[in-house]
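*Asks:* Each chain, written out:
Number of protein chains: 2
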Amino acid sequence: MEEVRNHQVILKDYVNGFPKESDMLLKTFATIPLKLPQDSNGILVKNLYLSCDPYLCLLMSKGLVGSFTPGSPITGFGVAKVVESGHSNFKKDDLVWGLTGWEEYTIITTPETLFKIQDTDVPLSYYTGILGMPGMTAYYGFYEICAPKKGEYVFVSAASGAVGQLVGQFAKLTGCYVVGTAGTNEKVELLKTKFGFDEAFNYKEEQDLDAALKRYFPEGIDIYFENVGGKMLEAVLLNMRVNGRISVCGMISQYNLNQEQGVRNLSSIIMKRLLVKGFIIFDNFDLYPNYLEMVIPLIKEEKICYIEDVANGLENAPAALIGLFLGKNVGKQVVFVARE
Amino acid sequence: MEEVRNHQVILKDYVNGFPKESDMLLKTFATIPLKLPQDSNGILVKNLYLSCDPYLCLLMSKGLVGSFTPGSPITGFGVAKVVESGHSNFKKDDLVWGLTGWEEYTIITTPETLFKIQDTDVPLSYYTGILGMPGMTAYYGFYEICAPKKGEYVFVSAASGAVGQLVGQFAKLTGCYVVGTAGTNEKVELLKTKFGFDEAFNYKEEQDLDAALKRYFPEGIDIYFENVGGKMLEAVLLNMRVNGRISVCGMISQYNLNQEQGVRNLSSIIMKRLLVKGFIIFDNFDLYPNYLEMVIPLIKEEKICYIEDVANGLENAPAALIGLFLGKNVGKQVVFVARE
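As you go down the protein sequences, you meet chains A and B in turn.
Residue numbers for the first sequence follow the UniProt record's numbering, so the first one is 1 and each next one is one higher.
Residue numbers for the second sequence follow the UniProt record's numbering, so the first one is 1 and each next one is one higher.
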């Protein structure tokens, strides 16, 4: 039976607190037979692109639902090509996206969880981003939770990231006024010049976030798309308008702390009748066909754009993942694994 | 023209931080003609009961929408009888409830804001409580925001208060499991023996609120009715179940601080997909007829009860109001002003 090399990114051991690059290991001596086990209902795929997402670092801790297994490859979203199928929904050479392993080849035993890629007239890596989980996150968190109206004031944190860049563009398409924040001047420029945000600022250069928000939103904020938490949320709460909505997608500023920061100003939730709604997009993929129907024409007509930061090769995946928490990525962080 | 005595409770001056009893003054030398000014479209009422509500203390600060005017009587909810009417909706001897003054007689220039009391077969003071603003608050905050289902786990803070005692009883009527917390053992007893809470505890006797909640809710909390904020909210967030709902009615533990406490564990909002919704019941009185239709039969059939703590006379109103923040009241704090 043909055996091929199968480089893997392994979790060395459960992580206490925040992971480091060295908590992962590139295992270079693994091989895999290019054949499904007999009677398998799964599929064997060749991984093409892998997605770096902040939640992956949470799953390196022990005892969470979905925690990784030390010694085994990280699992996350990716784009892959079917090498062999034991499942009637898939055939050789189909392109799919969904949960796969951080390795060159993966046997997926529950292929029902995968999406078959229909439209290949776009970059395949988009299925880790605008056409995948981050895209759905922006779509659901902005349209479904925030129910935006034309003319409303929208604020996006981590605005140049995988999700934020889309929220900003969706908001502009809705006729909102949009301000984004990011952590480098390069990203701030990108927000204004590439993604069409009305304004943007570098939060690291602001002494007083409340004052910054008052400058950019003299009328206050109707919709806040929350990606960071902590002090930014504290300042945002002071600047929300009556009947404002906060879509709580992530709190990346808090994930690498032993104990979360306390957030003040929660009484604004009462005074301003705020809606604060957390979500995990895995619950909402029933809306995925609706989203594709909306977004694919926008991509093809160039009414929306998407920036990716592509790390080249599995060996660079650990650094790319940790880099998310250091703000190193510009746009969606992807790992290129192999050509088709 | 007949002039009568009109004792008034006056705000002496704007308050910085938390008010004291001495920030209010009983003005005993005021009088009022028992006659409306000519061409008035308002009504002249005799005040019978006044409602002590925490929000009143907020309005003693300068610069808020609805801030009181120093030198003038406090305004708040009350039950009153019409002495003379210049408005076609009202006639002499009608009983009304709504915004009135902390004084013996008040001229109400916008009587459209008042509710005419139709059902007088219940204690009139109930219109400051179960049949008034706190009742609507419990109804809207529990049924409309939390959408409770039979068998769900409900936690209520400030549970023996004007609103909490009703939320607990509504939850039992819905078939939920309900635990309440209060700040004295007397109140805790009342929750269990009088209001039918399944369990109750004195938060002042718990070293570790998280541990207490884990003891009372081994399965976690589906619905939290938030009246207090701060450390209790921080512990509740750790104990919410997936898809839980938090109705944010008040944060009384935070109102008397110069700066709010920071609240940790907000990332639970994401992980547990929580809905957190603040509200101010003044926005939702369109549902008042529905509420009365539901609650009046419950009162008459003794399927629900309501405890009031009645201060006797305007001169005791300032202490009664401040007492809310010291947990002195057992049940809804009312001020009796005069017989009909």
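Just so you know, these hints were derived from the structure itself, not from any lab.
Here the structure is a predicted model, which means the values were calculated and not measured.
Even glycine gets a Cβ: it sits at the ideal position worked out from N, Cα and C.
Fair warning: there could be bad hints in the mix.
Here are some, though not all, of the chain A residues that point toward chain B, as calculated from beta-carbon distances under 7 Å [unchecked claim]:
#1 Arg-264
#2 Lys-277
#3 Gly-278
*Asks:* Give a verdict on every hint.
*Replies:* Hint check:
Taking 7 Å as the C-beta cut-off, the interface hint given for Arg-264/A holds, the closest approach to chain B being about 4 Å. With a cut of 7 Å, the hint placing Lys-277/A at the interface with chain B holds, because the nearest CB-to-CB distance is about 5 Å. For Gly-278/A, the interface hint holds, the least distance from its beta-carbon to any beta-carbon of chain B being 4 Å, beneath 7 Å.
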